[in-house]
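Participant: One letter stands for each residue in the lines below.
There are 4 protein chains.
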Amino acid sequence: MSGNSIGVLFRVTTWGESHGKAVGVVVDGCPPRIALTESDIQEELKRRKPGQIPSASPRKEEDLVEILSGTFEGRTTGTPISLIIKNRDVDSAAYEELRDIFRPGQGDFTYYKKYGIRDHRGGGRASARETAGRVAAGAIAKKVIASEGIEVIAYTKELGGIAAERISLSEIHQNNLRCPDLKTARAMAEKLEEAKKNGDSLGGIVEILVKGCPPGLGEPVFDKIDADLAKALMSIGAVKGLEIGAGFQAARMTGAECNDPIMPGGFSTNHAGGILAGITNGEEILIRVACKPIPSIGRAQKTIDIHGKPREVSIKGRHDVSAIPRIISVCEAMVSMVLADHLLRQRAKAVNDPGP
Amino acid sequence: MSGNSIGVLFRVTTWGESHGKAVGVVVDGCPPRIALTESDIQEELKRRKPGQIPSASPRKEEDLVEILSGTFEGRTTGTPISLIIKNRDVDSAAYEELRDIFRPGQGDFTYYKKYGIRDHRGGGRASARETAGRVAAGAIAKKVIASEGIEVIAYTKELGGIAAERISLSEIHQNNLRCPDLKTARAMAEKLEEAKKNGDSLGGIVEILVKGCPPGLGEPVFDKIDADLAKALMSIGAVKGLEIGAGFQAARMTGAECNDPIMPGGFSTNHAGGILAGITNGEEILIRVACKPIPSIGRAQKTIDIHGKPREVSIKGRHDVSAIPRIISVCEAMVSMVLADHLLRQRAKAVNDPGP
Amino acid sequence: MSGNSIGVLFRVTTWGESHGKAVGVVVDGCPPRIALTESDIQEELKRRKPGQIPSASPRKEEDLVEILSGTFEGRTTGTPISLIIKNRDVDSAAYEELRDIFRPGQGDFTYYKKYGIRDHRGGGRASARETAGRVAAGAIAKKVIASEGIEVIAYTKELGGIAAERISLSEIHQNNLRCPDLKTARAMAEKLEEAKKNGDSLGGIVEILVKGCPPGLGEPVFDKIDADLAKALMSIGAVKGLEIGAGFQAARMTGAECNDPIMPGGFSTNHAGGILAGITNGEEILIRVACKPIPSIGRAQKTIDIHGKPREVSIKGRHDVSAIPRIISVCEAMVSMVLADHLLRQRAKAVNDPGP
Amino acid sequence: MSGNSIGVLFRVTTWGESHGKAVGVVVDGCPPRIALTESDIQEELKRRKPGQIPSASPRKEEDLVEILSGTFEGRTTGTPISLIIKNRDVDSAAYEELRDIFRPGQGDFTYYKKYGIRDHRGGGRASARETAGRVAAGAIAKKVIASEGIEVIAYTKELGGIAAERISLSEIHQNNLRCPDLKTARAMAEKLEEAKKNGDSLGGIVEILVKGCPPGLGEPVFDKIDADLAKALMSIGAVKGLEIGAGFQAARMTGAECNDPIMPGGFSTNHAGGILAGITNGEEILIRVACKPIPSIGRAQKTIDIHGKPREVSIKGRHDVSAIPRIISVCEAMVSMVLADHLLRQRAKAVNDPGP
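Protein chains in written order, with the working numbering: chain A, 750 to 1105; chain B, 750 to 1105; chain C, 750 to 1105; chain D, 750 to 1105.
Note that identical chains are pooled: a pair holds if it fits in a single copy or bridges any two copies.
Using 25 Å as the maximum straight-line C-alpha spacing, the simulated BS3-like pairs for lysine-lysine come out as follows:
| # | residue 1 | residue 2 |
| --- | --- | --- |
| 1 | Lys770 | Lys1065 |
| 2 | Lys795 | Lys770 |
| 3 | Lys770 | Lys835 |
| 4 | Lys770 | Lys892 |
Hints in this document: simulated from the structure, not taken from any laboratory.
Just chain A, same shape as in the assembly:
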């Protein structure tokens, strides 16, 4: 309960700083006898890898994951699964001049205020590098939920103010931006290039779709599945907003418009986004998260140092221009973890009498 763990039964604990020796994660509570190898996890890490789009960070994170415990002869044993990803390409010298400076939009200021000490190198613990552990754990969560036929798909809904005009799932992996609309993807790419030239960065919106989720997941009244999803997604550094189903549009609907009529074959609309009263209803879960632009930009910015003196800072080196598309893998991982956790929690309720 000290902040670096999430989940009740499928419990994920990440550790590690951007420029420390490694980052990693411990997954406790994964059911036994699930086939799991390093390549299962590597596959997911590959998608998160920077450097995939022209404008992305060229840092060569190889992100090779190693399973240190919890499996035996290719299957999980029910004991904690420890995963480690060594930090290889860590040039801390570049950060020396930032030692005493708080970069705007980053955790520098708040970490220092909170802990009275901070590892200034690459954002330390607050670095997006921490999410490698999340994606690795997410790969395991995906295997757990896949056993029930649940699949999580995330994609770029909007980037730099340009929104996908249609959702064609097959096109997501046909472009580096993971946009479900190839035509829009090109416009987004141009916008990214432009921002890069300006020493600036862009924000965007990720949409997450969950298919095959059975009804019944979620533990009212506080561990509602939407509440836990909101927490998991909002715990990603760049996320500043989140909506489920009709989301903010629901606030402008009337009840007659918003309520999803129930038919013998299912719900006729899905404004609820697959969740009613905090419990899945068997429809697709639909979530959108708003990602702020990457705060590390080349342009000069006003700030202060740890002594409170005014300073100016412009971030050298090369950084991603947008959290998208890397953050998409992180969103998928977080949603998968929440679903895995709630799947196990719901199983615990099984009784002899099967009920309806």
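Put chains B, C and D on the given structure of chain A with help from the hints.
Facilitator: For chains B, C and D alone, coordinates are given in the frame of chain A:
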């Protein structure tokens, strides 16, 4: 960890159904020696009370709270504070015809799928009545955070698509809709009347402002304060979306626009909404939540019964036309709980060496 | 996590002080559709009731339990079950002279040091009265584990230094002391009378036997079932020691003597007390707990007051002479809760592939 | 909450199997700015190292600990501290013949029943090797509590039925058995040699003394400090019993004998073992734990294999003859963790009004 508790050190557990004997809450972890009487709590419950606006539910919930434990001679003792609010005006007969029917937009369907049994009377556990316990606990949380000078203020930002044009905190309590703009409040009231006549309901947006919050609250990387706030607010039945600071607008900004420059006297803008990397930065915390329209409407709606047969339902009796303004008290309560919890968590980190 | 809750999935939270308005408990996580009425719980409370043995406290606690939530038409609904037991026979005036005095052997001194305030009436929160909530929750836990054929039986193994010479389960309920040896029970009763005459009190040993427990319960390495049982039992005020299976005798055995050989039909001995490596092995679980004598005695004792001045105190009024036999019900309740919790936790591990 | 973590605010998660790649631990919640280097931890691991006494296991575990995260320039940062200890001397071939056999007294049988799969090599997760992670985390906990002047000292009270006749703390580190009585230590060593010759093993009793603990630690009614200590110690594989203060002897005392009179300068006796009503009272905490003999013995033992067929097994290779003295470091670690956790929890209660 069974869903009906929230918080780590300031731990709140609610219980009770709409038409059971009572609803209540246990607050565990409240610091000792805080002055607390029933009237402190009653004051908050009064604000949550239905029947305040013309179109609101006429159910006469007196909502008299009783402190059953945890105080001695008017002060908290550090032991669990048990609060009970008896259900007085419970006419279950009206619900008899809904025994086998799933009302659209409600938890009827999902509770039945999850538990195989449900208390159909008034929504049972999924009723908004459960939030009386939250508001009562929130009254205690408010006292805890007030001791550090923290104040939580929520108000109606938008109702039925009509948005407040300005935010004048002094006007919030000058109108029943708790709108910070009296002129807009009148337009909202008309819109509510219209919806009522149509047997329909409205959604809206609540904005929550936290003043006086010190920097340093929040426990990265999963129990970030924005993550915990998101969970707490999304656990309220009507909430379908949430944003912090610039929120969804941040997704359309560039880094240069979105980053808040830091000056010796503080941040010069507050797009971050008072939170950086999951930790408060000393600025005002600003949150908006989207509330869907109340699903109980007089109009006929299509649905099914527990046997899967198509049915039509129109909700008789009288219900609120909008979760707003009642939900405002609930939002304030949830935010106060999260802040109280994180305040205690941060205190635990105190060490002999005071640091910066 | 604030101290007044126990269990992960079957989560029990007690509240209330000896001389407050009521004591109670919230049980969160009880599976749905289990038959449960107030009389199920009342039955267990009756066994805990003081005043059953000649020397016991004559306080007329009627201990009428009321179910406030969580059931519908006689069955659990999966929502939190709130139970309340009003305090009726509360004469606080007798405690007035103890307001500033720390009674030896009680929580008076430590509660005051910890919280800086204490409810001095009848021990406040530290009173054995709190265990009424535990016994009530235990009644529900018993129903959960009974569905798997698990039964918990506790009895007086030793009282005032007099040990039962044999264990005849059928005799347990043939005597007020719940001793499984009627002959010894008589000697124990005489010893109690003698202590009473001397204004003194006695300690004893309770043995707890769990029959029908399937193999597989317990979550290594920290939530081993013996670890959780130890915590649950040690959380009872009077308990100062605990052993499982051969217990302290195991420390004097050799490996060849202590190891339980495994036969095709089961274990040939049970020095392990039904638990290996923190997981149940299918044999009977056997636990013994050492209970200290009741600290409230008529004899004069040396102590100090809250100002640190030496005082003398002799407890007036009438108190139990021994925690036994009342504590037996509490032991059964705690063990039942731990088993119910671990039963649910183990169910969550179920996978499609049934395994061995 | 999946079994491999302990503590609320000082949260320790161990991972790793005996013959996997490594064992390790993540410590989440350690306060920031505490000086911490690998040698601090190595020092504690050295004491736990096997091979120190003639009869101990000759396995050359070098147990070199590496800090992977959570410190910066020699001080803790408040972020999770990840520690890894690689497994070097792992000859799994010797275990091949045990692949299908359940060794008596070990977790083989129960792990298989619980998970349907087990890593048979060296006991897998149930191996004492897991405690290396505990001792490493304990080294950090010791630093946290040392800042408040708290010291934990454990020693061999009894071995193979031979009890120390006196407690001379200075003699503990003058003998390999960590016995506080050099004369008895020699008799114990002879007894160990004898058991070794017989292909047998011995149990014993460890006593743990906590000096300098302030009053006020412990969170009634379930997270009493004695309850949490009992859980933490009982979670050590070999422990089958535990007592605090007078412990089982308290069960044979009268109230007048057992109660510790309170004097202006402190308690005049300490039958309570430093804990009253689950809260420390400022006196020394005194705990004894009973350790069963090591189950791995050279002698032939009856057992079954995974198919239920009778088998005979005699453990080849060389193993410790007693968990003592290695377990002493583990006991110190567990007690230190519990104290660190409760120290932080108590700090959270601090309020502006200092109280008494």
